[in-house]
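Chemist: Using my numbering, the first residue of the sequence shown is number 1, and each one after it goes up by one.
Among the hints, erroneous ones may be present.
Computed list of lysine to aspartate or glutamate pairs in DMTMM-like fashion (alpha-carbon distance at most 25 angstroms, straight line) [what the hints assert, rightly or not]:
1. K251 - E144
2. K284 - D247
3. K184 - E194
Across the chosen pairs, the derived CB separations fall in these ranges [unchecked claim]:
4. T232 - E367: 38 to 44 angstroms
5. K486 - L111: 57 to 63 angstroms
6. G318 - N125: 35 to 41 angstroms
7. Q45 - A344: 47 to 53 angstroms
8. E365 - E408: 48 to 54 angstroms
9. L111 - N321: 32 to 38 angstroms
10. A374 - Q32: 42 to 48 angstroms
11. L152 - D315: 35 to 41 angstroms
12. K483 - K284: 33 to 39 angstroms
13. A428 - P268: 20 to 26 angstroms
14. G318 - H174: 19 to 25 angstroms
15. E365 - E295: 49 to 55 angstroms
Just so you know, these hints were derived from the structure itself, not from any lab.
Where a beta carbon is used, it is the ideal one built from N, C-alpha and C, also for glycine.
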Amino acid sequence: MGEMCKVLIVDDEMLIRQGIINYIDWEQEGFQIVGEASNGKEAMQMIGEFSPHIVVTDIVMPIMDGIDLVREAKKAFPHLEIIVLSSFENFDYVRSTFQNGVADYILKPKLNGAELLRILKQIVNRIPDLQDADSLEKPKRSTEEMLENMLLGYDSSADGAVFPNSRFVLVRIHGNNLDSAQLKAVFNRTPLEELAVYSFAASDSESMLLLNFNPNQLEAIKGAIESHAAETPLATWMVFEPFDKIDDIKKVHDEGFVKMKKYLFYLPEQNVFVYDNLPKENEKQANFDLNHFIEMFKDRLFNTAFSYLENHVADLAGRYNNDSFEFKSFLGNIVFNIIVLLDAMKYDNKEIEQKKYGYFSAINEAEHVHEALAQFNAFLEEVRTNILSLNKAGEQANNIDKILAYIEQHYTEPLRLSEIASHFHFNASYLSSYFSAHHKEGFSEYLNRVRIKKSMDLLENSTVTISNISGMVGYSDHSYFCKVFKRITGTSPGSYRKEFRVRHENEEKGLSHLTK
Numbered sequence: 001m002g003e004m005c006k007v008l009i010v011d012d013e014m015l016i017r018q019g020i021i022n023y024i025d026w027e028q029e030g031f032q033i034v035g036e037a038s039n040g041k042e043a044m045q046m047i048g049e050f051s052p053h054i055v056v057t058d059i060v061m062p063i064m065d066g067i068d069l070v071r072e073a074k075k076a077f078p079h080l081e082i083i084v085l086s087s088f089e090n091f092d093y094v095r096s097t098f099q100n101g102v103a104d105y106i107l108k109p110k111l112n113g114a115e116l117l118r119i120l121k122q123i124v125n126r127i128p129d130l131q132d133a134d135s136l137e138k139p140k141r142s143t144e145e146m147l148e149n150m151l152l153g154y155d156s157s158a159d160g161a162v163f164p165n166s167r168f169v170l171v172r173i174h175g176n177n178l179d180s181a182q183l184k185a186v187f188n189r190t191p192l193e194e195l196a197v198y199s200f201a202a203s204d205s206e207s208m209l210l211l212n213f214n215p216n217q218l219e220a221i222k223g224a225i226e227s228h229a230a231e232t233p234l235a236t237w238m239v240f241e242p243f244d245k246i247d248d249i250k251k252v253h254d255e256g257f258v259k260m261k262k263y264l265f266y267l268p269e270q271n272v273f274v275y276d277n278l279p280k281e282n283e284k285q286a287n288f289d290l291n292h293f294i295e296m297f298k299d300r301l302f303n304t305a306f307s308y309l310e311n312h313v314a315d316l317a318g319r320y321n322n323d324s325f326e327f328k329s330f331l332g333n334i335v336f337n338i339i340v341l342l343d344a345m346k347y348d349n350k351e352i353e354q355k356k357y358g359y360f361s362a363i364n365e366a367e368h369v370h371e372a373l374a375q376f377n378a379f380l381e382e383v384r385t386n387i388l389s390l391n392k393a394g395e396q397a398n399n400i401d402k403i404l405a406y407i408e409q410h411y412t413e414p415l416r417l418s419e420i421a422s423h424f425h426f427n428a429s430y431l432s433s434y435f436s437a438h439h440k441e442g443f444s445e446y447l448n449r450v451r452i453k454k455s456m457d458l459l460e461n462s463t464v465t466i467s468n469i470s471g472m473v474g475y476s477d478h479s480y481f482c483k484v485f486k487r488i489t490g491t492s493p494g495s496y497r498k499e500f501r502v503r504h505e506n507e508e509k510g511l512s513h514l515t516k
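I would like the entire structure built from these sequences, with the hints used as guidance.
Modeler: Below, the structure written as structure tokens:
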């Protein structure tokens with residue numbers, strides 16, 4: 001009988017450690033708890049003493065936290081497998097641990113015996129030391145077993161395995177109820193007769209194929225995959241870059257999957273991704289100006305603010321090379337800021353406040369872009385409903401909202417407070433008082449601020465002359481425009497443009513230096 005898998009539990013809370021220990025009948029399942037530690041320092045001592053195969057550790061702990069433990073443990077004991085426990089709030093830290101070789105992670109709210117046991121058994125199956133140690137002569141491994149170990153990093157070479165053809169390509173398939181024999185049969189076609197197909201790392205939901213082919217077969221391989229995917233669209237096929245040396249299999253897979261995983265998140269409806277024919281992403285647009293959004297929100301230009309936000313989110317959803325974590329973080333940051341704004345503006349948002357962690361969690365755990373957007377849009381709709389039903393200023397505030405929107409749309413035209421008040425059948429005296437009370441500035445100053453903000457945009461993003469810009473933002477007198485610009489920004493339009501370009505060039509040089 002083979003050696004039992006030794007497990008070390010690390011968490012600074014004794015109740016959590018005891019809970020984990022009581023989740024599973026460890027010996028019945030083939031595991032042995034060799035110890036408990038309350039921090040990373042204790043854990044390192046116990047790892048050296050008891051040589052566990054697997055460590056289950058929390059992230060946030062005193063003395064030495066889980067991140068440092070992962071880094072130090074993997075450095076000292078490269079073959080040690082580690083499972084990280086994390087709460088939602090610490091999920092961004094979990095991402096950093098994967099760079100150091102973490103096997104898997106479990107969110108604490110989802111921690112239960114069945115989930116923990118599933119992950120433990122998955123890990124045990126790929127630890128060579130836990131194979132049956134009773135026989136004196138180990139059976140010769142199949143090519144598929146060798147490939148799986150190479151992909152997992154246990155082997156660094158193919159141990160003299162012989163492949164009939166000169167080139168290789170990895171194909172990763174995601175789906176439900178996958179059948180390895182059926183997947184291999186996709187390539188049983190005349191142009192592919194000499195193709196060697198190896199299936200490994202297979203489960204009901206995922207499978208890996210290594211195709212060993214002659215150079216003239218590559219297009220036929222792509223065609224066979226695309227044809228099969230069109231007929232049976234329930235699985236997603238990922239074709240990685242071809243390579244010539246089998247020892248490169250792990251590098252090709254790891255680098256390719258990092259890229260493909262982004263496309264899987266943004267394009268869940270597409271079921272074929274080929275390394276040299278990936279969908280084109282949106283061209284990068286201007287960065288989202290959070291301060292501008294906040295100011296519009298505070299000015300109760302809700303429709304304009306939400307339109308600005310939703311256009312940017314739609315743009316982000318088409319940038320396939322962005323990490324999904326960045327996309328989710330942007331959505332979470334907007335949720336946070338809107339909740340803070342509602343509170344500052346004296347809206348009764350207790351119900352939204354209570355639901356915020358649910359929104360954060362659902363967005364963070366979304367498997368693809370549509371799930372994340374569904375949660376985000378549900379939040380925005382709830383905010384809209386809240387604003388509409390609890391707007392304390394009633395119809396009068398709606399009129400003010402329309403006036404502010406009108407200014408935003410017509411700032412290039414000659415605008416006077418009396419004419420705007422007359423246009424909306426509003427009291428000019430009250431409108432003047434409203435601006436002074438709510439903006440700490442009069443109507444003229446508010447209009448100047450809108451115009452100068454637009455001119456700053458043009459100075460940054462166009463080559464239009466400064467004299468033309470002054471007219472484009474509503475100033476008939478160029479010298480007056482320059483005077484107002486300097487009063488609001490502290491510098492002249494020409495100096496502002498020059499400083500922006502110098503700063504932009506320095507940033508580009510810095511980014512260029514970092515990528516070298």
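Chemist: None of the hints should be skipped; say for each whether it holds.
Modeler: Evaluated hints:
1. With a CA separation close to 18 angstroms, the supplied pair K251 and E144 stays within the 25 angstroms bound.
2. The suggested pairing of K284 with D247 is violated, with an alpha-carbon distance near 37 angstroms, which exceeds 25 angstroms.
3. The straight-line distance between the Cα atoms of K184 and E194 is roughly 13 angstroms, inside the 25 angstroms bound, and the hint therefore holds.
4. With their beta carbons about 21 angstroms apart, T232 and E367 fall outside the hinted range of 38 to 44 angstroms.
5. At about 60 angstroms, the CB distance of K486 to L111 agrees with the hint of 57 to 63 angstroms.
6. The supplied range of 35 to 41 angstroms is met by G318 and N125, whose beta-carbon atoms lie about 39 angstroms from each other.
7. For the pair Q45 and A344, the beta carbons lie near 50 angstroms from each other, so the given range of 47 to 53 angstroms is met.
8. The supplied range of 48 to 54 angstroms is broken by E365 and E408, whose beta-carbon atoms lie about 37 angstroms from each other.
9. For L111 and N321, the Cβ-Cβ distance of about 33 angstroms falls inside the hinted range of 32 to 38 angstroms, so the restraint holds.
10. Checking the proposed 42 to 48 angstroms range against A374 and Q32 shows it holds: the Cβ atoms sit about 44 angstroms from each other.
11. Remark: the range hint 35 to 41 angstroms for L152 to D315 is upheld by a beta-carbon distance near 38 angstroms.
12. Our hint of 33 to 39 angstroms for K483 and K284 holds, since their Cβ atoms are close to 35 angstroms apart.
13. A428 and P268 have their C-beta atoms about 54 angstroms apart, which leaves the hinted 20 to 26 angstroms range violated.
14. The hinted window of 19 to 25 angstroms between G318 and H174 holds, with their beta carbons roughly 22 angstroms apart.
15. Against the hinted window of 49 to 55 angstroms, the Cβ-Cβ separation of E365 and E295 comes to about 32 angstroms, which falls outside the hint.
Violated hints for the displayed structure, listed by number in ascending order: 2, 4, 8, 13 and 15.
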